[in-house]
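S.K.: Sequences listed follow chains G and V, in order. Numbering of the first sequence is given in this note's numbering, commencing with residue 1 and proceeding in unit increments. Numbering of the second sequence is given in this note's numbering, commencing with residue 1 and proceeding in unit increments.
Hints in this document: simulated from the structure, not taken from any laboratory. The structure displayed is predicted, hence computed values, not measured ones. Just so it is clear, CB atoms sit at the ideal spot from N, CA and C, and this is done for glycine as well. There may be inaccurate statements among the hints.
Claimed, not checked - Simulated restraints, written as ranges between beta carbons of each label pair:
#	chain 1	residue 1	chain 2	residue 2	range
1	G	MET188	V	ALA302	21 to 31 Å
2	G	ASP68	V	GLY126	32 to 42 Å
3	V	ASP22	G	ASP68	18 to 28 Å
4	G	ARG143	V	ASP222	52 to 62 Å
5	G	THR190	V	PRO57	23 to 33 Å
6	V	ASP295	G	LEU172	40 to 50 Å
7	V	ARG47	G	PHE250	37 to 47 Å
8	G	ARG143	V	ASP285	36 to 46 Å
9	G	GLY146	V	ASP22	15 to 25 Å
10	V	TYR265	G	TYR261	53 to 63 Å
11	V	VAL194	G	PHE215	55 to 65 Å
12	V	ASP22	G	LYS308	14 to 24 Å
What the hints assert, rightly or not - If you want the ones that stay clear, here's a sample from chain V, every Cβ over 12 Å from chain G, calculated:
#	residue
13	MET1
14	THR3
15	ALA59
16	GLY62
17	PHE63
18	MET82
19	ASP188
20	THR189
21	GLU271
22	ARG275
23	ARG278
24	TYR300
To be verified - Computed list of chain G residues with no C-beta within reach of chain V, every gap over 12 Å:
#	residue
25	SER87
26	GLU94
27	VAL277
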Amino acid sequence: MVRCASLGMNDVGTTRHLTQLYRQMLLIRRLEEEAARAYATGKIGGFLHLYIGQEAVAVGACAALKRDDYVVTTYRDHGIAIAKGMSARALMAELYGKATGCSRGLGGSMHLFDNEHHMLGGHAIVGGHIPLAAGVAFASKYRGDGRVTLCFFGDGAVSIQGFHEGVSLAALWKLPIVFICENNEYSMGTPLSRTVSVEDISLKATGYGIAHDRFFATDVLEVEKHLGAAIERARSQSLPSLVEVRTYRFRGHSMSDPGKYRTAQELDEHKKKDPLVIGREKLAAETDQAALEALEADVEREVADAIKYAEESPEPDASILEATTYEGPFAY
Amino acid sequence: MKTLRFREALREAMIEEMERDDRVFLMGEEVGHYNGAYKVSEGMLDRFGEKRVIDTPIAEGGFAGIGVGAAIVGLRPIVEFMTWNFSAIAFDQILNGAAKVRQMSGGQLTCPIVFRGPNASARQVGSQHSHAMEHFYATVPGLKVVAPAFPADAKGLLKTAIRDDNPVLVMESETLYSIKGDVPEELDTIPLGVAKVVREGGDCTVVAYSRMTHVAIEAADDLAKRGVRVEVVDLRSLRPLDEETILASVHKTHRCVVVHEGWPYGGVGAEIADRVQRLAFDDLDAPVLRVSTLDVPMPYNAKLEQLVMPQPGRVVAAVERLLARGRS
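Just chain G, same shape as in the assembly (with noise of 0.2 Å):
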């Protein structure tokens, strides 16, 4: 299976690469809807916050990334570790807490963590990643290897210290990496109106003297188009970017939230802009009907194929968790 992160940048533009885009979304879309029936059954536990409808930031985002490039993401995890090569075995092997999950059990659904294909989590404390990813960044940028961090986040972190301590340094050391803030209105349960006081969360940029954008992201390629154009800034100049990505998530803010605070009618509207549907429309319009339902059902093979995988794999036993801790004594 081809995955965006492998894709060559060759393919834009083509149907090809939309294709694999539509699929990539397709695959995130079905594997929550998926999770979400498996947490309402008690086969994943904790928290687990799902990324349905906002998948066009993750893949649009990562279709524009070489394969060598970091991301790092909040606890909203799942679409970006998918976006960016994780394989949905491992993602939903770590969900229901197997041995064979990307954090082997460890991390859940908030600390999805795939280090081949540079993806650093998965962070669960709002903003406490943001500068953590400038340290990935800073690392580049002090190698001089040429990669490029994406670091996501909600509106619900721009009101924190993290944010801004991170972004200044960033700027102030003209750090590769480009500062993704997944705005979808609201921060757990309460609305822009009252959690920022400039609801154009990218002027937030010119304080630090960066590079800002802000798009709506109902289209894959628009979101891959804006997006690229901050991560080339990134990799040809070393300057950071702050980009507001105005999304909308369908569901609650995690599985126990209702979701209230919303109308039936504001959340009806939003999904008529759902950008699965389309990014569909759109391949519809320049692929066959055979061909459309043929990538539907291997999408389907392949979630069928995970479910089956986590059920079926082993649980983590006691010996793994001294080992992954640290190198160490542990009192008693």
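Based on these hints, arrange chain V on the given structure of chain G.
M.R.: The following block gives chain V in isolation, referenced to the frame of chain G:
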């Protein structure tokens, strides 16, 4: 053998490790052009340049996080806090980043980073600048914490810390930076987790670290004049903790006093008291006592500050209390 001040020993360790490994760099407030708030990094900017001796703005959360991020992709940062008090701003990066990333990635990533700076009381710097922060950190699995008392140990432990693949926190002391000590010419690394008996004696064990080791030695000198022979164990490392050396000493003396800065509720002293009562119960002639900072924020007033901080006199009184009990 040569004589170095504590700050010079730390500097030598950093210089030698930076010359040995170009992945190692130093960052912190005023470490470069200002030559270090306490002159630990004096001359290092001239030697290594701005790429590797990096002045940061006042943003502990930011630059501690940058260190963690750089470490997980293969660099080996030394992050200097102007004092450990300010690490409170960076606590999230240390607790949730440095200490967690290895386990929550299922062992895919490691975080070879050193955080260092002066810790605990200085002189009349008030309640917000006098914290003994080691107690907060030593409780966290995933972190290592060292607290040397002498220049040679400072050099050897810092070199080991820089080569360690895990996060290591080095607790220094503003009031120790100028003390001199013998440092072997060819000193390399000193293993973490090995305590040192710095004064032998058979009547009572006094366990201490960092500046309190000097307080313990002063108390031991005072008691020696009265014929009481105290054995002083300088821990050097708090995590890993050299339980064996502590227990061997208690086996000999049957009494134990722990001296540290920081409050009496919980902390390193409570950990040692627990281990001694649990692992050497039959050796003990008396309960384990702790001499700590009194249970209040540090006052500015000089006399009150001295009252609140552990003093040799309080160590002497604790030892005498144990001896009186043992003999009755």
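S.K.: Enumerate the violated hints, using their earlier numbering and listing them in ascending order.
M.R.: 1, 2, 7, 8, 10, 12, 15, 16, 17, 21, 22, 23 and 26
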